[in-house]
Amino acid sequence: MTAWNDSAGGKRVSAILKSRPFLTLAIVAAVWIVASFVSRGFGAYGHLRYLVELGAVIGLVAAGQTFVVIAGGIDLSVAAIVTVSAISLPLLSWQADTTGLVSVLAVLALTTAIGVVNGLGVALLRVHPMIMTLAMATFLQGLLIIIAGGSAVTAENPLVHWLGNARPAGIPAGIILWIAVSAIVLTVMHATPFGARIFAMGANPLAASLSGVPITSTTLAVYGISGFTAGLAGVLVLGMNGQGYVGIGDPYLLASIAAVVLGGTSILGGLGTYAGTIPGAVLLVTITALITVVNASPGWRSILFGSLILGLLLLSGREQARR
Amino acid sequence: MTTVAPLLAARGVSKAFFGNPVLRGVSIALQPGRVHALLGENGAGKSTLINLLSGALRPDGGEIEVDGRAVPRMTPVLARQAGIAVVQQELSLTASLSIAENIGLGAYPKRFGLIDYNELAARAKAACELVGLNEPLSTPVGHLALGRRQMVEIANALYRKPRVLILDEPTSSLSATETKILMDLLERLRGEGIAILYISHRLNEVMALCQHVTVLKDGTCTADRPLAGTDAAGLVRLMVGRDPGDLFPKWQPAVSTTTAITVRKFSAGLMRDVDLDIRTGEVLGIGGLVGQGQEDLLLGLYGAIPARTASATVNGVSGLPGGVPKANALGLAYVPADRKREGLHLIHPILTNMMLPAFARLPALKLRSRKAEGETGRSLAAQLAIKGDLQRPAQALSGGNQQKVALAKWMPHDPLVLLLNDPTRGVDVETKREVYLMLRAFAAAGKAVVLLSSDTPELVHLCDRVAVVREGRVAAMLERAALSEETIVSAAMGAGKQKVAA
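Residue numbers (the numbering used here), protein chains in the order written: chain R, 754 to 1076; chain W, 284 to 785.
The hints are all genuine.
Calculated Cβ distances over 12 angstroms to all of chain R for the following chain W residues:
(1) T358
(2) D399
(3) L486
A partial selection of chain R residues facing chain W, derived with a Cβ cut-off under 10 angstroms:
(4) V941
(5) H943
(6) A944
(7) A949
(8) R950
(9) A960
(10) S964
(11) V966
(12) P967
(13) S970
(14) T971
(15) S1019
I should point out that these hints are in silico values taken from the structure, not numbers from a laboratory. Don't be surprised by glycine CBs; every beta carbon is placed ideally from N, CA and C.
Working from the sequences, and respecting the hints, build out all of it.
Printed below as a string of structure tokens:
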């Protein structure tokens, strides 16, 4: 046992076993196994696939959120941006755009721009991220009520419809989208200088700035990414839902933050990985499904979420004191 | 003397972190009316010993005694009740609170259950007068220069009227005047029967102030004896375990006539209308009392704070950089004084810290090569004698090694101008010597070094020229021939030329 632990490969294995992403993944697996005994249909391939598809929306929103949190901020406007995306897409449709690609790109450009405005407020006006993004969320919600009112809008966009319903090779398009985004996010985060800058900025912004990290442009990029992924999630949710309405994005604000924290990313910034956020997102939808299956009050879902976040934090060691 | 029970003592204490022994069977006894020096290189276990004495840590073996009685479970609260006050090396003040609030923190006088601010002000003022703090008591501590904050920290310790005063490198950020005030104060406190434990890397202070010395090396006690009859070289030998040689390297001037940086009427922060030429191949010292604007001069040149200038040329490009990334591109590098707050990412691996300037300059989305990074890191570690696994977080390193990492990260970029802000503050003798050698080698290679230092001997022995800053202006530019501790200190304090002669 000791010999195995002392070898370099053994060290790496034991480091992975002890890591938060793995811990979260293990809990997901445990919940799946237990739940499939409780309810026959829970462990069926089709159901699990459905859970991951639901997790994809949270996972996409949480991708941008992970960047923002690692960079030492927080984005409270993601839910509003999801709604903006899901409502403005049906409104931004052109006759000539037969595939629907142009309007999707236009919507993503719009949500990215909203994120960049968040970044401008944080980096240049030095507004606290919480205040800046909360103000942005409130502003957007007001605007949406004026534009869309209370009525739902239906999307006639082929690309969006495909994303929400197609199953190439039996795998839902949403999951494929999530896998692609995850690959890009993990690469950018851990294998590029840009990713390293974000970690540095979150751990110690002053030292990062004195080391030559361009703080302003990095902050703009981080919030821009968050706007982009929230916009993408909005497109997916619209496709899965068929209709967009005010409030469609609301569940994704706390879910995105919970997924990030469950995945082991430090809410103080500077430490973490999207590799933890992914199982975090799946864990969230799994628990929701479990509550539904055992027919318990939705109150239990919130109680479980809260206990899980605290429990996982205690299990993997509390945030170290920072000086 | 031996019949008096020590106020505070450690008997054969041991402490290990993660199986790594830091202290092994160390004893120390603090007698009333004695200034006891604790010497040792960084990582020798000095801070751990202080933490044991003050109850911040519990020893694995051995005992802590107060007034000759063993205290089985020493805690910071018990230590405070026993009249033990510690002035930490890392400042522990609350920046947004006022001087008075910081001094009284944790022991506010109460009246009808509320804080009695009048009483607090009176008692804080008394403590301030002891250490020569004359700033208004309501000033937020965050507005003070590092040296003044240190004085607040000392005032905070005195406020509790301690019987035992432990000072961990109190003078590392103090100016010559402030150091003098502190020395006089400690001498007076000693006369009042207080036991003082004094830690410093400045041997001349230790020789002047202390009566007894304990030397730690690698967690064991190598000397515990009266200071009388010991010389500085002997102490260094006990610390490093070999002959000290000269602290400062021998060097030949390598100044050229070309200038790396020229500024006219340069203003930034406290600095006003400064004309300065920094030549290639020289080490230009920046001296003066702490907080006269020296730091703003460096930060302004580096583009980290807004600066104005009538004209400027930086490595052949006209105009100031105006931003750190631009300054880096022009070949400037800056090593901050407060390495934990400004220089390093403590929670990140040593290797990542070393590579950060590279990450800041490389194209944002270029794929990183872990292999190349590892090689660069290993060669930097070898070059600067940084030991151990580079994947450990930087906070695992001792102060001296952290400073080396803060320096090392710029080396792959081959900077043309190195701006250093007190690079040897709180660094052990051995690391100091390595840093000095590096700086002179750097100058000899035709680069420019700007060395801001609060350590006057460093300015005298290492610099080609020294600009002495007072009240935001260069009060004197001293050439090497005119350099001495007296000329620097008198220029810093604004003493006229006749007074120096007299």
